[in-house]
Amino acid sequence: MKLTATKLSALFIGAAMALSACATASPQATTASSLTKLGKSEGKLSLLGWPGYAEDGSNDPKVDWVTPFEKATGCQVTFKSYGTSDEALNLFKTGNYDAIAASGDATLRLIASGAVQPLNTSLIPSYKGVYSFLKNRAWNTVDGKTYGVPHGYGANLLMYKKDVVKPAPTSWSVVFDGSSAYKGHVTAYDSPIYIADAAVYLMAHKPALGIKNPYALDDKQLQAAVDLLKSQRANVGEYWSDYLKEISAFESGDSVVGTTWQVIVNSMSAKANVGSVLPSEGATGWSDSWMVASNTKHVNCAYQWLDYIDSPKANAAATEYFGEAPVTADACQYGSAGFCDSYHAGDAKYAAKIWYWTTPIAKCLDGRTDVQCTDYSAWTTAWQEIKG
Amino acid sequence: MTDSMVRARSAVRASFAHRVSSTLFKRAKLRLSLLLAAPLLWLVLIYVFALLALLVTAFWTVDSFTSQVKMEWSFNNLQTVFTNSLYRTVTLRTVGIAILVTVVDLVLAFPISFFMAKIAGKRLRGMLVIAILMPLWASYLVKAYAWRAVLSHDGLLQWLLAPIGVETPGYGLTAVILTQAYLWLPYVILPIFTGLEKVQNSLLEASSDLGARNLVTIRRVVLPLLVPSIVAASIFSFSLTLGDYITVNIVGGASQMLGNLVYTNVGAANNLPMAAAVALIPIVLMFGYLTAVRRTGALESL
Chain A
1 MKLTATKLSA LFIGAAMALS ACATASPQAT TASSLTKLGK SEGKLSLLGW
51 PGYAEDGSND PKVDWVTPFE KATGCQVTFK SYGTSDEALN LFKTGNYDAI
101 AASGDATLRL IASGAVQPLN TSLIPSYKGV YSFLKNRAWN TVDGKTYGVP
151 HGYGANLLMY KKDVVKPAPT SWSVVFDGSS AYKGHVTAYD SPIYIADAAV
201 YLMAHKPALG IKNPYALDDK QLQAAVDLLK SQRANVGEYW SDYLKEISAF
251 ESGDSVVGTT WQVIVNSMSA KANVGSVLPS EGATGWSDSW MVASNTKHVN
301 CAYQWLDYID SPKANAAATE YFGEAPVTAD ACQYGSAGFC DSYHAGDAKY
351 AAKIWYWTTP IAKCLDGRTD VQCTDYSAWT TAWQEIKG
Chain B
389 MTDSMVRARS AVRASFAHRV SSTLFKRAKL RLSLLLAAPL LWLVLIYVFA
439 LLALLVTAFW TVDSFTSQVK MEWSFNNLQT VFTNSLYRTV TLRTVGIAIL
489 VTVVDLVLAF PISFFMAKIA GKRLRGMLVI AILMPLWASY LVKAYAWRAV
539 LSHDGLLQWL LAPIGVETPG YGLTAVILTQ AYLWLPYVIL PIFTGLEKVQ
589 NSLLEASSDL GARNLVTIRR VVLPLLVPSI VAASIFSFSL TLGDYITVNI
639 VGGASQMLGN LVYTNVGAAN NLPMAAAVAL IPIVLMFGYL TAVRRTGALE
689 SL
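These protein sequence lines map, in sequence, to chains A and B. Anchor point for the first sequence: position 207 equals 207 in the numbering used here, and the numbering is continuous, going up by one each time. To convert a position in the second sequence, counted from 1, into the numbering used here, add 388.
Just so you know, not all the hints are guaranteed correct.
Claimed, not checked - In silico BS3-like links for lysine-lysine, alpha-carbon gap of 25 Å or less:
id, chain 1, residue 1, chain 2, residue 2
1, B, K458, A, K363
2, A, K245, A, K40
3, B, K510, B, K586
4, B, K458, A, K93
5, A, K245, B, K531
6, A, K128, A, K349
7, A, K353, A, K161
8, A, K93, A, K145
9, A, K297, A, K37
Said to hold, decoys possible - Every beta carbon over 10 Å from chain B, so not counted as near; a handful from chain A, in silico:
id, residue
10, L123
11, G129
12, K135
13, A138
14, T141
15, G144
16, P169
17, S180
18, D219
19, S280
20, E281
21, N295
22, L365
Said to hold, decoys possible - Simulated restraints on C-beta separations:
id, chain 1, residue 1, chain 2, residue 2, range
23, A, K37, B, S473, 30 to 36 Å
24, A, G253, B, V517, 53 to 59 Å
25, B, T468, A, K145, 34 to 40 Å
26, A, S58, B, V517, 38 to 44 Å
27, B, F470, A, D370, 55 to 61 Å
28, A, A362, B, L480, 57 to 63 Å
29, A, G253, B, T471, 56 to 62 Å
30, A, S276, B, S527, 30 to 36 Å
Just so you know, these hints were derived from the structure itself, not from any lab. Each residue gets a CB set at the ideal place from its N, CA and C atoms; glycine is no exception.
Excised from the complex, chain B in its bound form (with noise of 0.2 Å):
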């Protein structure tokens, strides 16, 4: 090959890259759908296929002997969904439970965040902050079977408490709600810590300055700034307790959530259109959630 060949294809090679990059300079949107091909793909693939699919199986039957899915459309499977008490019951447990967990976490993790963000000073936050990550890195099956032990009836809090005259709850509702309460703490505590972070030290002096106490100042100057952190943090405490059937199953004693439910569809039933059918509950409930608080505006400034 002589020299002037190989110049010349470089030159065409160069052109066509020029070519590329000056075409794709020029039109934004087709450098965007370009660059967000990828992900897309792979959101829709996974996540919104996924979904649909659920979503069309629950209207599907299943041959009770074989066990095998007929792909016969019928309404069957939500109309139990939404008439049969027991998924009424198990429905409104289930919130119910959700909604103390992340009570119980919004009220522990205040106190803790306020204290790393505002008191604490910059080696005594660091370490607070790896303390609260810290559990993150221990398997959530080993935490939920510690906190079988501790609840058990001669567990180490039955040892603390007997002396104050109190019993441990033992297995139940109460443990599942302590053991949840006690596994997305750190999903609380982050989002409000950093959302206190933000909140800047002069709006406090300012209000105090003004004279208001400071009950007054963290109900009518913080509270109302971290409303946004507060409800991130709600969504992951209340979306986790939402999808859980492990804890329950530990520590829960003969108790159920809409979680078993979908589980004994699936396992023991081998009823996987109804399986998909309870498990349409949370997502719904997921979903009203989240466009509720979309109106607040509370997503944007997350």
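One chain only, chain A, in its complex shape (with noise of 0.2 Å):
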């Protein structure tokens, strides 16, 4: 037999088809209820999050409290850590993992899409000791059923070098409708969750477009939010999303304003003579939940450690070393001096102050049922349009 040209690229292309199908087919997760009583460990446990949220001492024998919460339970633990909540998606969804630390733009797409189970929250007892202000809110919370409970919290800040930007700012116009005078120095955050932050702006300073939360925006108010980072972009010198690029960068002197993490602000030398601020018009944060995997055979496990790291000395060990809040007030004996302080552990008036990041999605977040409001799909290509 001969196999013509035609043949035998309809052939690979058939092929490929195939390929991909089993690439990208999965499972479709099913709706646990949640767990009632707690049985015995498992003896294993494997977790998803953010660098630094379970350190075994592994990366720094100093830094270690996933050890402790070993022998305490005989709950043997593998870590994998992600870089963008997106990445933790596709990982999350191979199965592989128990529990995962997701931020607010991630939770609600795990929740929707089954592979979270709700949880018994009396089972975890360190979960009283959470301050109330972080407890049923949009991104842990759905129908009244909890499936997250709360690792850290933190807000994106103001950053800005104080011989250069005079006076100290007070509100986002400086790197907004202020950017002008900064041209070339400004910068801000290179992700699409970023158009909440001109949202925010929005909110206090056009009240007539009539934002009420910064991730529910119809095509109008996300209009408006572009044209606003539009003629930031002018004034940009760069993004940045790796915070070490942020770092150098200031310390140069080729960022001198624009957004930040706490963690960075510590990062800073005296050198480089820079403040922070959280604006008047409040701003973007993000309140990280751990959440178990429906389908998880290790629950005892998970559960055990949703209580340990909600407990007043891993939850301090471990946000430290992030560089973000508590989520308990017991937990500031256990820092450094001064930890609870510089990140603003348990000020409800500044906590009150951050939109947590959330993904937007079509049915509006703020409760109108008149528009359908944009999805992050839409905002990840608003972004590459901003960026040009």
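Using the supplied hints, reconstruct the complex from the two chains, each of which is provided in its own coordinate frame.
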């Protein structure tokens, strides 16, 4: 038999399709009901989280809050870290993980796809000590069911070089309407979720747009945010997503004003002479939650981990290492001096000014039913256009 | 086992091996296909197959909320890529950068290669080859971050240029071109150097005997002979620049190239079909370039 070129290529394309079909098909998760009673430890636990969320001393012998957990519970922990919320979703879908620490821009997608199970918080004693303003929020609770317990939280702050940016800013306007004063030296976070930062600014300065929640934008509101970001783009020196890149840019003076995290402010040298502020308009931020996989075989170990990570000593170690506020006031006595103050832990007034990262979805998160909101994929397209 | 049985067995074995070798000897085509089967299978599976999978993926869509790839045929992705002004702008920018990087590299590489091939002694030439290959041993990332430090506003370049009243270009497209040109320079020097080595000195002498000045000799004798090497070098620098997204992330300031669009579509948007559609742009461009080059016959003499 002789294969012609057309037949051969048809064969290849067919095979290629079959191969990609295998790669993309994934099992449908079932909705599980929550656990009623804790059983015996299964001896194993596989975790997925942001880098630095479960340290066992292998990166730094002094940093270890996993080993005490393993000794106390007999659950042997394996930990895998991820770089972006989207990577986390893909990894978690493989079904190899019992629990995940996810930010609000991933949690809702995990819940909606049935990948995580509702929790029985009465089986997690240390949950009682968690700040009440972190409980029952849109990113960890759906239809009255709690799906995640908090790990830590923080705000995206405004950082500036004190010797260049005068007077000290108190508003985001210095990176938006007034950004031309620092043309070429403004920096911003390189992610579609940064659109929410513009929305927070517009909420305060353009009330006519009627934005109630920076993650619930209809077409007109998104367009206004995009226009604002496009005008900002002309003055942006560079965008950052790697926090070491932002540190180097502020140290050298290539960036003088822009968004930052508390941990970056803490890592800056005295020579860089930077200040930071939570501007008057409020800010975006993150509040990460530990969630349990719906198909886990190690549910008892997972529950014990959730309890452990919210217990004061472990929570202090984990959140101080990462650079965010702990979720319980009792953690403050275990951190180093000034730890809770520097992250404004438990300051409900400070926390109220934070709009925590949430996945924008078509069903408006602010409760509007008369319009469709723009979803994350629309935000991604918009973000690419903003950068141009 | 008796001696005779052993002998008989080895005779059978020998005759089998003999038959195989004589069959292979007679059938040249069979011999060739057996020889090529393994590498061809590798090439087809890893390379052709992956490209086809990419092509096919570009026609699928993604469920925006669960980020699952849906296997429904649609031309939406390709339509977006071809009609959306964003993709046009970024494609033009990327091609522009690739062309400029190639030009800068060629201009830098020619005198260096000429010196190495025609002027330097054997010892010096060896040392220069090592010096040019040396940067390839260092990580690409390290070199890109080094340029980030050099181009910074309190960096080396600023310090060097300030006395003559020039400022560092800072982070941006100029920085991308400088860094890429530096990164790919060895890949451009080597083919041109090899090409120049093949140009016989007698030709240069003949040219000057006939009264041509040096520049005329280079323009009318050396460069025409060097066309295949220049094309080979340009393929390296052009295609390497076309697909890059890390350098522009490190020194590019706020700008983005085609690679960044692929990266955000995979990393942030989780939209593999769209990423596949964008990835087709550089493939089509390179395909066009290679076809054009093939027409000139430069590929045969590589």
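Hint check results:
| no. | hint | verdict |
| --- | --- | --- |
| 1 | B:K458 to A:K363 | 21 Å, holds |
| 2 | A:K245 to A:K40 | 46 Å, violated |
| 3 | B:K510 to B:K586 | 15 Å, holds |
| 4 | B:K458 to A:K93 | 16 Å, holds |
| 5 | A:K245 to B:K531 | 15 Å, holds |
| 6 | A:K128 to A:K349 | 21 Å, holds |
| 7 | A:K353 to A:K161 | 23 Å, holds |
| 8 | A:K93 to A:K145 | 21 Å, holds |
| 9 | A:K297 to A:K37 | 15 Å, holds |
| 10 | L123 | 29 Å, holds |
| 11 | G129 | 34 Å, holds |
| 12 | K135 | 25 Å, holds |
| 13 | A138 | 16 Å, holds |
| 14 | T141 | 19 Å, holds |
| 15 | G144 | 21 Å, holds |
| 16 | P169 | 21 Å, holds |
| 17 | S180 | 15 Å, holds |
| 18 | D219 | 15 Å, holds |
| 19 | S280 | 26 Å, holds |
| 20 | E281 | 23 Å, holds |
| 21 | N295 | 16 Å, holds |
| 22 | L365 | 13 Å, holds |
| 23 | A:K37 to B:S473: 30 to 36 Å | 60 Å, violated |
| 24 | A:G253 to B:V517: 53 to 59 Å | 40 Å, violated |
| 25 | B:T468 to A:K145: 34 to 40 Å | 38 Å, holds |
| 26 | A:S58 to B:V517: 38 to 44 Å | 43 Å, holds |
| 27 | B:F470 to A:D370: 55 to 61 Å | 35 Å, violated |
| 28 | A:A362 to B:L480: 57 to 63 Å | 34 Å, violated |
| 29 | A:G253 to B:T471: 56 to 62 Å | 41 Å, violated |
| 30 | A:S276 to B:S527: 30 to 36 Å | 33 Å, holds |
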